[in-house]
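S.K.: Residues per chain, in single letters:
Protein chains: 4
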Amino acid sequence: MKALVYHGPGQRSWDTVADPGIVDPTDIVVRITCSTICGTDLHILKGDVPETVPGTVLGHEAVGIVEEIGAGVTSVDVGDRVLLSCISACGRCRFCKQASYGQCLGGGGWIFGHLIDGLQAEYARVPFADNSVHKVPADLTDEQVLFLADILPTAYEVGVLNGAVRPGDVVAIVGAGPVGLAAILTARLYTPGRIVAVDLADTRLQRAHDFGADVTINNGREDARALIMELTDGLGADVAIEAVGVPATFELAVDLVRPAGRVANIGVHGKPATLHLQRVWDRDLTITTGLVDTYSTPTLIRLLASHHIDAQRFVTHRFGFDDFMRAYDVFSRAGETGALKVVLNRTGDPR
Amino acid sequence: MKALVYHGPGQRSWDTVADPGIVDPTDIVVRITCSTICGTDLHILKGDVPETVPGTVLGHEAVGIVEEIGAGVTSVDVGDRVLLSCISACGRCRFCKQASYGQCLGGGGWIFGHLIDGLQAEYARVPFADNSVHKVPADLTDEQVLFLADILPTAYEVGVLNGAVRPGDVVAIVGAGPVGLAAILTARLYTPGRIVAVDLADTRLQRAHDFGADVTINNGREDARALIMELTDGLGADVAIEAVGVPATFELAVDLVRPAGRVANIGVHGKPATLHLQRVWDRDLTITTGLVDTYSTPTLIRLLASHHIDAQRFVTHRFGFDDFMRAYDVFSRAGETGALKVVLNRTGDPR
Amino acid sequence: MKALVYHGPGQRSWDTVADPGIVDPTDIVVRITCSTICGTDLHILKGDVPETVPGTVLGHEAVGIVEEIGAGVTSVDVGDRVLLSCISACGRCRFCKQASYGQCLGGGGWIFGHLIDGLQAEYARVPFADNSVHKVPADLTDEQVLFLADILPTAYEVGVLNGAVRPGDVVAIVGAGPVGLAAILTARLYTPGRIVAVDLADTRLQRAHDFGADVTINNGREDARALIMELTDGLGADVAIEAVGVPATFELAVDLVRPAGRVANIGVHGKPATLHLQRVWDRDLTITTGLVDTYSTPTLIRLLASHHIDAQRFVTHRFGFDDFMRAYDVFSRAGETGALKVVLNRTGDPR
Amino acid sequence: MKALVYHGPGQRSWDTVADPGIVDPTDIVVRITCSTICGTDLHILKGDVPETVPGTVLGHEAVGIVEEIGAGVTSVDVGDRVLLSCISACGRCRFCKQASYGQCLGGGGWIFGHLIDGLQAEYARVPFADNSVHKVPADLTDEQVLFLADILPTAYEVGVLNGAVRPGDVVAIVGAGPVGLAAILTARLYTPGRIVAVDLADTRLQRAHDFGADVTINNGREDARALIMELTDGLGADVAIEAVGVPATFELAVDLVRPAGRVANIGVHGKPATLHLQRVWDRDLTITTGLVDTYSTPTLIRLLASHHIDAQRFVTHRFGFDDFMRAYDVFSRAGETGALKVVLNRTGDPR
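Chains as they are written, first to last, in my numbering: chain H, 1 to 351; chain D, 1 to 351; chain A, 1 to 351; chain R, 1 to 351.
It cannot be assumed that every hint is accurate.
Computed spacing ranges between beta-carbons, pair by pair [claimed, not checked]:
#	chain 1	residue 1	chain 2	residue 2	range
1	R	T316	H	E51	53 to 63 angstroms
2	H	A248	D	G220	28 to 38 angstroms
3	R	Q98	H	S306	15 to 25 angstroms
4	H	D24	R	G270	45 to 55 angstroms
5	A	Q11	R	Q98	52 to 62 angstroms
6	R	Q98	A	L200	29 to 39 angstroms
7	H	D24	R	T203	54 to 64 angstroms
8	R	Q98	H	P137	33 to 43 angstroms
9	R	G220	H	D77	52 to 62 angstroms
10	D	E230	A	R279	44 to 54 angstroms
11	R	Q98	D	E230	25 to 35 angstroms
12	A	G338	H	Q312	40 to 50 angstroms
Examples of chain A residues toward chain H, derived with CB under 7 angstroms [to be verified]:
#	residue
13	P167
14	G168
15	T191
16	G193
17	R302
18	L303
19	S306
20	H308
21	V315
No wet-lab data here; the hints were simulated from the structure. The C-beta atom is built at its ideal place from N, Cα and C for all residues, glycine as well.
Start from the sequences, fold in the hints, and give me the full structure.
M.R.: As structure tokens, this is what we get:
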């Protein structure tokens, strides 16, 4: 089969590799019909993720058709259309038992395109299938559910639910890239009073507005803290969601919330941040960090089906699988190309 | 009357000052019968709390008898014995309405011995009396309830409840001074599986053991993280409570907890700490900060009355009011004197 | 002044009565500008509420202007426009301190038009003003906020929040009268997947549909349980909200929910219901009852101001104060007149 | 092998039956070393549980040694000592994924000695082993963990946790049989202020006292409601736990709680109860029902190991497996024999 293979920092190619097969009785093999590229894939390509070894097929977001099932698999069948997501779950360890699948101790967690071959390929072996895949309702297309593989549950669980967004809240979302936009989209499920998007790029802020932000702040030229204080009688936002992953944005998020407010970090950080405890020790803050667990995926599928979420609006570009190299190119130059999420359809046509 | 007056950094004296009287209709005047000294009073004396102006009577923890009540006071009467605590509450602002009295916007919060005259005095004016004082049941002595004025609700609310201690948990308490000991005492209300106390001083660790710590670690000579990992199958503590207030202990607390663990900061910090987001962004941590609200005081009074908490064990020294200067001296040299909490009784005799 | 006075079962009149004045220092007097009639007022008129004595001015929902304030009032001023609601709060008792104002032990709770003179009058004395009234933002009209006096917080707190409605849920609302419609409106703040309204009258179901119900079931001729099972793969609704107040509808609500589902009773009941424990003892149900507390009123005001709720759609008829008798007539014959909520404006014109 | 077989209402015998073997790849076979009898077994013998067919081996509580494992089992090995409990979990259905194992839709739930052969036998086939058994720490004996198979997690989850017992609460436990005693034992993990046991039999109340009840009420000759009102300033208990299973005790439990109180039903009911909504519609009650899920079993094992629970105190009689018929006889005449829980050890000697 063909697959997008990581060959060390800066190197990837669309190679012919061996077809995957069942290894463990809890495995299935899936024929991928639709896939996408994540910012994390670019991190791996930069060499920032040393545990991903050269030769690994990349990708952790896809939809496909079950081709083969292991002896121990009971809840999916050959021919089922399934969503494959960034998190796999052994289903048996203490963390899986409390739905913290991202912390799985039994061989799951984030493994696709990281510790084992991933989903930017014609076929994939999917471990722990009974606990890790989601059947796709017939009336939803591949593209409609594709972003439930990572970006939407990440923003929803780690941002909106950890941040405990409530009706009427003022929610500040720092960073208006794909994850920040997904946070806007899913925060709206709780009808906040105002969503305030903060970013350095006006193009991203325009998108934030289109996705539902009520107020946008360019913190390259505006004072985000002062503006949010003005909006909130000097108290601060009820919730701040960090969706960038650098110290400055985390520190800003902490500065934006009111006494007894919540700060939910979604960003993937490479460096320590400063926590100004001398200012916040007595402010009753709750700060959370987290990796997505995908426990909310069934709920999000239901909300897609009932038209309460439109996940397809993330799609800016579409390619066939044989254009995978070009898709990476377009996605990695998002600043120029305006790429938000690129969709790869097996045949080139969406289904 | 006589009162302990702050006269600027390093200066205090037991002075004769004007008797307090009713100013607002929601005030009462209380004849103090029992008082104590807090570590925060020593901070003020060091000059670390600039908003406390010279001439202020210190102290925010006392028991006394109501001497006079304002026209608008309805729930206490002259002659009632009451607990006066570190937090006053206007009862009307948005924070008071959600029991976040420590964040009161209406003139309450921590005011005694900070923004207005305090409770190390023969008499005190007590604002917002209906929302801020607690009647003492007849079968409890002054000394039994005295530590419900600050240290016990602080440790319970900001440490144990914010940290969401649950039966069976491994709870690491970093710092075994009075507040850390109060955290041990109140954590036990939730029957954790193991309480691990971490401190640099063996004498404090011995006390931690006496108060109920199951394991003690001297992190001057032992590796606290390694020992806790050993106790927890390599995962970490369920909850870590910071009870010191310096960057190193906060950073240690973050290092001690398992994935999906909780870090509850009680310590009063004067400097920023480093939050190693590059290590914890994906660990599902919850970190809380907070000032005590005293919403738990009625519960703690009930638990004292039912003998589930013994708060008197904090008392190491007793003085009469006329020995206030000496009491400060003994308390401020706790390292030598072994002082934990000193009690000041009006007449010199406990009641 | 003029006021609508209850003179015993079946008897009411628009009388001239003495003007109210300040009695307690925590009182204010309000010049009512806008009022309405509640189903509960009709219950009183039927003689179902024996503690309401003849001579009482009816009404517990109004907007007005502060005319006079007591000596102990600090948070409202003469001239402020305020919302007066069905629940008053002493602010000091254990229930008020946990925001259970409806259970107030200090003289509050539901008192207007019940235990003291109410708000269907030109003026009203308002006890515990600091804890019981809400300032109205300048950009909201009287009519826009009027239904926050009772129906909206009742449906939201006792139905939606007690029922813990969550995004994606199937929510069954039994009863599509004013309170059921308010439950539909406020349930939507949590983006349920589907709202199913159940009622015996097609006209009410049509309104339920207009207010946002996705599915309507006439349980006079359809099998509500069977239809909901069909919609939910045979499991049942996630939440059922009872908004009628008779045994049959409560029992239906219990029958409609899935294992681990929630049943939130809003209805005012006059008779016992049967709880089929032999069927539900092992189904992990949570059943709640409740009186509104109005703790959510500030949130709902914010959601009105941000246009997330349109409360005016309840208004079907408008009258001047001098038409109060006719307004009662129209409201009490809702079946014929189609009345949902009638608004009484002092001058006859809405402001 | 030998096993205790149900042969229809009133008929049981200690028979020789075929040895069980692996059927599904997720099965294990366990050599039972310790077992017990539950009140539910007596119900089956009365013919009250029609879905249990004659020929079924009874029992759903045991400890044993793994003898054989299916091809798909990964987390237990031959030779492991394991606790087998009343609830099995497929681990894959929506209820298992939220730890509501008792509601398992995939073939689990309460199956042992009910829908499939049970654990009062020399060997047992155990389905869904990876999700349904618990390894026993080496330092705990069979008897110490045996009651974690049903009675302790049932009382803890369905009574104490559903009832949200909190430090300082007054907890009324209606029924002082084995489950009520287990509720007393596990309620104490949350340090309630007072535990009040209510029962008709003084012998049971004496045991309740021994297990930790602070107050006991014989509601055959005392007015339980009046006494609890006296203890609680006329408000009622914070939590009432029903541990009997008849209408009168459920109705009493509802009558005993304060406004905003919680009623947790544990009892297995055969008949409907009356819910006096006309008295409680406005009292902010939360009423829960539930079947045990055993999600708390790992926590309870930890609390046994740390000596915070002593589960062995339930043991009143011990027998060898060959005395199973006599053990049933003793247990079923608990009134005369004083039996609380009887333990069956394979060899007759506890280990």
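S.K.: Hint by hint, say whether it matches the structure.
M.R.: Status of each hint after checking the structure:
no., hint, verdict
1, R:T316 with H:E51: 53 to 63 angstroms, "56 angstroms, holds"
2, H:A248 with D:G220: 28 to 38 angstroms, "35 angstroms, holds"
3, R:Q98 with H:S306: 15 to 25 angstroms, "21 angstroms, holds"
4, H:D24 with R:G270: 45 to 55 angstroms, "46 angstroms, holds"
5, A:Q11 with R:Q98: 52 to 62 angstroms, "55 angstroms, holds"
6, R:Q98 with A:L200: 29 to 39 angstroms, "35 angstroms, holds"
7, H:D24 with R:T203: 54 to 64 angstroms, "56 angstroms, holds"
8, R:Q98 with H:P137: 33 to 43 angstroms, "21 angstroms, violated"
9, R:G220 with H:D77: 52 to 62 angstroms, "59 angstroms, holds"
10, D:E230 with A:R279: 44 to 54 angstroms, "50 angstroms, holds"
11, R:Q98 with D:E230: 25 to 35 angstroms, "33 angstroms, holds"
12, A:G338 with H:Q312: 40 to 50 angstroms, "42 angstroms, holds"
13, P167, "4 angstroms, holds"
14, G168, "4 angstroms, holds"
15, T191, "4 angstroms, holds"
16, G193, "5 angstroms, holds"
17, R302, "4 angstroms, holds"
18, L303, "5 angstroms, holds"
19, S306, "5 angstroms, holds"
20, H308, "5 angstroms, holds"
21, V315, "22 angstroms, violated"
Hint compliance for this structure: hints 8, 21 are broken, all remaining hints hold.
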